[in-house]
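Please arrange chain V on chain E, whose structure you already have, making use of the hints.
Chains as they are written, first to last, in the numbering used here: chain E, 1 to 403; chain V, 1 to 726.
Honestly, the hints are just simulated from the structure, not real lab data.
Any given hint might turn out to be false.
[Unchecked claim] Pairs of lysine-lysine residues, derived as DSS-like cross-links and limited to a Cα-Cα distance of at most 25 Å, are as follows:
{"no.": "1", "chain 1": "V", "residue 1": "Lys179", "chain 2": "V", "residue 2": "Lys165"}
{"no.": "2", "chain 1": "E", "residue 1": "Lys247", "chain 2": "V", "residue 2": "Lys74"}
{"no.": "3", "chain 1": "E", "residue 1": "Lys225", "chain 2": "V", "residue 2": "Lys603"}
{"no.": "4", "chain 1": "V", "residue 1": "Lys492", "chain 2": "V", "residue 2": "Lys307"}
{"no.": "5", "chain 1": "E", "residue 1": "Lys281", "chain 2": "E", "residue 2": "Lys40"}
{"no.": "6", "chain 1": "E", "residue 1": "Lys247", "chain 2": "V", "residue 2": "Lys601"}
{"no.": "7", "chain 1": "V", "residue 1": "Lys223", "chain 2": "V", "residue 2": "Lys276"}
{"no.": "8", "chain 1": "V", "residue 1": "Lys368", "chain 2": "V", "residue 2": "Lys397"}
{"no.": "9", "chain 1": "V", "residue 1": "Lys223", "chain 2": "V", "residue 2": "Lys94"}
{"no.": "10", "chain 1": "V", "residue 1": "Lys603", "chain 2": "E", "residue 2": "Lys247"}
{"no.": "11", "chain 1": "E", "residue 1": "Lys272", "chain 2": "E", "residue 2": "Lys40"}
{"no.": "12", "chain 1": "V", "residue 1": "Lys368", "chain 2": "V", "residue 2": "Lys379"}
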Amino acid sequence: MSDAYIYDAVRSPRGKGRPDGSLHEVTAVSLGKQMLNALKDRNGFEGHAVEDVIWGNATQAMEQGGCLARTTVLASDLHESIPGLSINRFCASGMEAVNLAANQVKGGAGEGYIAGGVEMMSRVPMGSDGAAVAVDPTVALDRYFVPQGISADIIATEYGITRDEADAFAVRSQQLAKKAWDEGRFEKSIVTVRDVNGLPILSYDEFIRPGTDMQALGALKPSFKDMGEVMPGFDKVARLKYPHLEKINHIHHAGNSSGIVDGSAAVLIGSKEFGEKWGLKPRARIRATAKIGTDPTIMLTGPVPATQKILGDAGMGIQDIDLFEVNEAFSSVVLRFVQAFDVDMDKLNVNGGAIAMGHPLGASGAIIIGTLLDELERSDKEVGLATLCVASGMGAATIIERV
Amino acid sequence: MADFTMEKGADGVAVITWDLPGKSMNVLTMQGAQELSDLIDDALADDAVKGVVITSGKDTMAGGMDLNVLQGMKQQGAEGVFEGVMTLHHLLRKIERAGMDPKTNKGGKPIAAAVPGTAMGIGLELPLACHRIFVADNPKAKLGLPEIQVGIFPGAGGTTRLVRKLGVMMAAPFLLQAKMSDPTAAKKAGIVDEVLADPVAAAKEWVLSGPAIVKPWDEKGYKMPGGAPYHPAGFQTFVGANAMINAETWGAFPAAKALLSAVYEGAQVPFDTALKIEARWFTSVIMNPSSGAMIRSLFLNKEALEKGANRPEAPDQRVKKLGVMGAGMMGAGIALVSAQAGMEVVLIDQKQEAADKGKAYTESYFDKGIKRGKATEEKKAEVLGRITATTDYDALKGCDLIIEAVFEDPGVKAEVTKNVEAVVGEDCIYASNTSTLPISDLAKASKRPEQFIGIHFFSPVEKMLLVEIIKGKETGSRAVAKALDYVRQIRKTPIVVNDARFFYANRCIIPYINEGVRMVGEGVEPALVDNAARMLGFPVGPLQLNDETSIDLGVKIAKATKAALGNAYDGGAADDVLFWLYDAGRLGRKSNAGYYDYDEKGKRLGIFEGIREKFGTRDTEQPEVDEVQDRLMFSQVLEAVRALEEGVLEDIREGDVGAILGWGFAPWSGGPFSWLDIIGADEAVKRCDRLTEKFGARFEAPKLLREMAEKGQTFYGRFGEQAKAA
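In isolation and in its complexed conformation, chain E is listed as follows:
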């Protein structure tokens, strides 16, 4: 088996996922195309150089439907001989694209891949593609479906994570993200989004609120309390799966949960030969990949078993990891991860995360891999682990090491 390497990673800045967000005017095709073209331009390979584009997206409806991967390839400077594969593992779609590409390369099915994803949450709102898991009684009833916010609050209740802890973590995310931008730590990867004329539309993560403090967050009402306790009463559904919990502690709100944003990211992956052919230097080796399924009701605890699995598969221990990127879908998700592995906070999400900068579902997995790689290089560390919680009770993880 050959090794799979990351040769480059780019991402768009993240725009607020609302009609007044800067990227709302940009199509999913255009944003994705700009990422593909940026990789091609920066690395100087030809349009037919890669085997496929594996493209993550969590809401494959409307402009994101109809095999967005292929559509994006056709809109880009890549050659029409590159097919394009749209995939959906919800929030880990971008990571799964990278992992699939890496494993294709390892297995010898092609030398080079582009993997990444896009999510235009302001244009194709979450849920636009329907979801049987929430409405089909054979699943929703028997597997005790609750929305993610309720799941995040179940985690907080089950693992004793308090509102203050969650808020403090959110403040940290904002401060670290601000610092990272101030110090130019994302510069290597950020691709300014432009219009048809090349005029800039957005060049920074506009979702960040650097002034956020405990007092401001303390004033926010919990977002999921009403749907949990009143209509339609999801806490009672949660209780069927977690009957030892007398009451769900609703700690999450807009300020300590990930932001709804538009964004995209792409990673160039290839074999050693791919790099040699195009004169590229590998930045990191993809050492291991993992995906797991777990209880769909608590839903978002996946990073813990995914990490256990990937460490086991790679023959590593938690102490072997120099840096962690754990997607900040909700504060409790990350704090539970920290609790489970007793992780040193100095190693985790050191440049902030999705609470501060936003979580474009289908892109985030590729974004955090790029961020992890940049930080390993900047701080001159070796091994990094990225992981995400995933809707419907899944988890994914990737371990990279610099070469």
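Only chain V this time, still in chain E's reference frame:
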């Protein structure tokens, strides 16, 4: 004689009349369905017929499906049920399409339903398939789909039609909660079209008026009110509907789940396909042992017991004048329900004000009813007029039944017995409403022990449906007949048991509570204990129940049981909890403090944190919910089996019906014996062995159960003969 007959009028209207010979209410049989089908064919083919009116020859439309038909289909397996149900769909769909061209919707004959009164189940599903529903203006008529109450759901198109007519949100109370409506309310809800004095005349006029008859769902571009599942609004509705069904049923009722699946899947396809899907899910519910058990206990056997299945031969024993001794909560409730049933009631207490207070209970009961528009001043005056509240024993003269509900003290009770017998006639039957004292012992105070019996009510009397009749050693058959006829008068369900410690219901309830309390003492999270019970379908968990019945009563029972059993007594961790709460003055709801905290108004807030501290809940590894549930289930069902083994219970039907009505035993299971039949005696014994090994001898499988496991028997197989005989 046919169930359906047709008369073709000179005006061109064919009137089809449903009139089951020899029955007071129509039910649909397969033969009836065939007759109706033939008549519809005839009417549609006959050029002289311009339209059809379907009505009933009785003052009601119909009570529903003949449940024996369902049992019959079930004999032939899933295929038999599915095909049988599809036959009904074809018939009703034939009525609904009425000969219209399938493509153009042209042609066809109007078919109206003229509903004279109550229409339930298929009695409403048939009208729903007609083009317009006319209902007699009869406020006493009940219209609705009660199927969910016996563990099934409306399976003759009622589910699919009502959802398409009203939308999921509006149809939900009628389908999921079996909401009954009078004709006016049914019209307001959009279920029926017209409410008037003469529905047949109005229906005839309507069919001759050349009306539009295409159902909305057969029109092009039909959209479900409120949206189908993948319409944005519909999506939210279905998310909510799933959550609410889980939340409200605690996931314990298979029929509700199947119903929602039929609705969800049916909403995404054309109407005829939706009916097929409805039939598939309906079949799955019929084939689920839960529905058979529920129908058996909650419909067939409940009715059989109410009609006197175990009544000894004796002349009519209906009560004319009742004496109630003691005007406390139970006495007052007994007076209320008896006066409501038309009996003359003498309510006696030691002090006049106590007797008056007991009578005032009836007054406030009616005042509440009047406020809600469910009762009238006249009715109140009439019922109050039947109750005499007094201290004077002479007023008891002429009573043919006495129910004693005084303080639970043998001495006090004996005194009352003597004083009453001194004034009443020799024929008078004397009943004690004791819940704890053996009837045979109390009967010793009586001159006529063969006329002495136990009639054990549950609290609150006016709400609880079960009455437990207890035969003492010397109780004669006329006393039993008297008690049964009385219970029938007050329209409750009786079970008849023999005299033994705690009779039947309390005998099972007490170990259920104790097992829950014991777990708390072991450090099991209290919420887990009560939630596990709710997930089994119990209306309240053991801890909440103990708060209701009170901790001091628990302590009293524990002490008495200890005294009675001596060394065999196994109080264990349960007593630690009980006595600790008792010593802390946390006596349950009545002291606004027990396992739960309550606010000043008595609203339950949450588990008392002190319990977790005292019993180390947080440091205890929590058991799986299945294990908690098995402990709670077996603590009860093994008592039921022992009661049968010891002859306290003579009829398993009474054991099952009594458990569901008496303390809300997992209704989906059909009762303790039905539940054991569902899991199988063999499996039950295995679980008993595991529980015994882990938790002690109280879980040892009774000899009877072990024997049945060895022989591969079921309770209804082995004891069903006796059940059938009646």
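Each hint tested on the structure:
no.: 1; hint: Lys179/V / Lys165/V; in the structure: holds (16 Å)
no.: 2; hint: Lys247/E / Lys74/V; in the structure: violated (43 Å)
no.: 3; hint: Lys225/E / Lys603/V; in the structure: holds (20 Å)
no.: 4; hint: Lys492/V / Lys307/V; in the structure: holds (10 Å)
no.: 5; hint: Lys281/E / Lys40/E; in the structure: holds (15 Å)
no.: 6; hint: Lys247/E / Lys601/V; in the structure: holds (21 Å)
no.: 7; hint: Lys223/V / Lys276/V; in the structure: holds (20 Å)
no.: 8; hint: Lys368/V / Lys397/V; in the structure: violated (33 Å)
no.: 9; hint: Lys223/V / Lys94/V; in the structure: holds (22 Å)
no.: 10; hint: Lys603/V / Lys247/E; in the structure: holds (16 Å)
no.: 11; hint: Lys272/E / Lys40/E; in the structure: holds (18 Å)
no.: 12; hint: Lys368/V / Lys379/V; in the structure: holds (13 Å)
In this structure, the earlier hints numbered 2 and 8 are contradicted, and the remaining ones agree with it.
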